[in-house]
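The primary structure of each chain is shown beneath.
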Amino acid sequence: MPRTQVERFSVSHMQILDDDGNADPELEPKLTKEQLLEIYRLMFLARKQDQRMLKLQRQGRIGTFGPCTGQEASSIGPAYALGDSDWLVTAFRDLGARLVRKEPLINSLLFHNGFEEGNVVPDEAPNVLPISIIVGSQALHATGIAYAMKYRGEKAAALTFFGDGASSQGDVYEAMNFAGVWKAPVVFICQNNQWAISMPRSKQTRAVTLAQKAIAAGIPGLQVDGNDVLATYAATKEALARAYAGEGPTMIEALTYRLMMHTTADDPRRYRNEDEEKAAWEKDPIPRFRKYIERKGIWDAKKQAALEEEIKGEVDATVKEFESRKDFQPEILFDHVFGTKHAEIEEQRAQFLENLKLKSAKAE
Amino acid sequence: MAKLNIVQAINLGLDQEMAKDDSVVVLGEDVGVDGGVFRVTDGLHAKYGEERVIDTPLAESGIIGTSIGMALAGLRPVAEMQFSGFSYHIFHQLEGHASRLRQRSLGQRTVPLVVRMPFGGGVRALEHHSESREATYAHLPGVKVVIPSSPRNARALIVAAIRDPDPVIFMEPKHVYRAFREEVPETEEVMEIGRSEIVQEGSDLTLVAWGAMMRPALRAAVEVQNARKVSIEVIDLLTIAPMDSHTIVESVQKTGRCVIVQEAPKTLGIASEIIARINDHVLLYLEAPVNRVTNYDVVTPYFGRELDFTPDAGRIQREIETTLDF
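Quick note, the sequences are listed as chains A and B, same order.
So that you can map any letter, position 360 of the first sequence is 1594 in my numbering, and since no number is skipped, the others follow by simple counting.
So that you can map any letter, position 210 of the second sequence is 214 in my numbering, and since no number is skipped, the others follow by simple counting.
Think of the hints as simulated: they come from the structure by calculation, not from any bench.
Careful, some of the hints might be misleading.
As the list claims (entries may be wrong) - Computed cross-link-like contacts, DSSO-like style, restricted to lysine-lysine with a CA-CA straight-line distance of at most 27 Å:
hint, chain 1, residue 1, chain 2, residue 2
1, A, K1417, B, K233
2, A, K1512, A, K1560
3, A, K1512, A, K1546
4, A, K1575, A, K1267
5, B, K270, A, K1389
6, A, K1575, B, K233
7, A, K1560, A, K1336
8, A, K1336, A, K1264
9, A, K1591, A, K1560
Unchecked claim - Which chain B residues stay away from chain A? Per the calculated CB distances, all over 10 Å, these:
hint, residue
10, D168
11, D248
12, D312
Stated by the list, open to error - Quick list of simulated restraints, FRET-style, between CB atoms:
hint, chain 1, residue 1, chain 2, residue 2, range
13, A, L1587, B, D284, 10 to 20 Å
14, B, G318, A, L1587, 23 to 33 Å
15, B, V37, A, G1404, 19 to 29 Å
Ideal placement from N, C-alpha and C gives every residue a C-beta, glycine not left out.
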């Protein structure tokens, strides 16, 4: 018997903004001037906070963190497409997305200085889960949340981020597969930043694209230029429209580049060369988007100077507020082991407080 | 009141909670149309539909990871691991997330999740179908571990687990799934998680057991009491974590002697923790070293040799006598 073809698959790529900031008029999303400027401001804020955190870390004023510089478009575009009732489930390099969802700037400083307070979000930032460190594990939470949204008949979706390294994790496949079976309203954004610490994308998988991983789960997959914030926004908007309409999940591979180290504990010089990094800086998403808004006539050098001034002020004030915070009660963790009271935990709390007292008495 | 076995009793608890609260959903491998390989979820699919009784793809981490998401978004998922031996894929979801989200978010996020899993030996099953790994799960702060031993407490505890605000690993002793029946009231009955129970009062020795070990423990206690003029206090631990030391400590203070029975291997088991707590609180009341009857530190044997390794009433009886004669 001859072999017959049972199915054919293809993966498409989308880019809206070219390197000079010209938008494809057919694909250009309908965003107001205010929205475009808000996106630009968020990208700029994420970059400046990231750079300040790097300095603070080098000065020993905060702990280890994973800089997001270079990934502002792949993080902020998708998050900006979310509606108020949608959920954001992030990994650890998504400062931009978290800022879009109104997480206070101080949270990133608190979190990266070793305080759980950095995970607590105010009422105006609902449905933002704490940073998830275990690579890829959070994708399943997004699928479960999406199931709950669908089960309750709410017009809402979940969006989750993971990286090219995470695409090798079983949890990521399971999350997409479960979501496919359940037609769950979830958007999977794979930020392919080309490096998983020292592992280049080419060694992560033989697959030509990461978007094609959607095919195995039977869900739509698309590759976009992840340094093009209009493309990441538009692709996510489209995926969300499908999700709200009951058509299930979508996976988007956003091609970007991790311009800095994996975390501040990492030295990229050990595994990649400067030429590659230099070439990647040429594709920095922020200048590209700035050219676009300048071409539109809604941005200029004067406005840029004012924004830089304003954001410097905001970051400075946040650092100041962060460094003046001293209200970290040590015993608070005993309140949150369980939602119910238990004698053993209470006994240990008392012992802990007693030991703290003895410790400080000795120090004095 | 109906006489039910443990399978039917857990089914009753699930059914009543699902009827009462539509945020309760059941999910797992073969839990729907098939009613679960042990039939614990029998009939629920027909009654509540596939949206609430979800036959999932075959991926344990996927089941628990998505259940965590459901719980974060306000549902009360009751996930089934077909056998505890298949549950190790979920460990990183429990250790990495379910156990921590409350503390990670200082109480802003909670994971009211129940993970049901049949565990333990005695059913002549294939490899990976007979382990007792309660200590493995109990070692995770933020996770509750509950083990019922009878139809009545199984029903009352599954209800408590579903209503609990935290992740609960509900380990079902499958050896006694259908071993006996007990009156289980139709009307609601809930037991508090975090409390052990004195099932028989006595004054000369405290015997602690849980799960499938309760039956041989009680048999051994009767044998010893028939043979000598002693009375044995028997405690059913019920909640492994967070453990109720108070009931055990108070009992040992009274009896001065204690034997602990555990189906799991000896080293670093729950019995070790109980001994440590007795030492912390009532060491000077002891008339004899605290004794334990456990499995051995070998990989769980295939069923051909299994019964020689598992604590039985005869071994428990001998150790009770050794402790009484010390």
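If any of the earlier hints don't hold here, list their numbers in rising order. 1, 2, 4, 5, 6, 10, 11, 14
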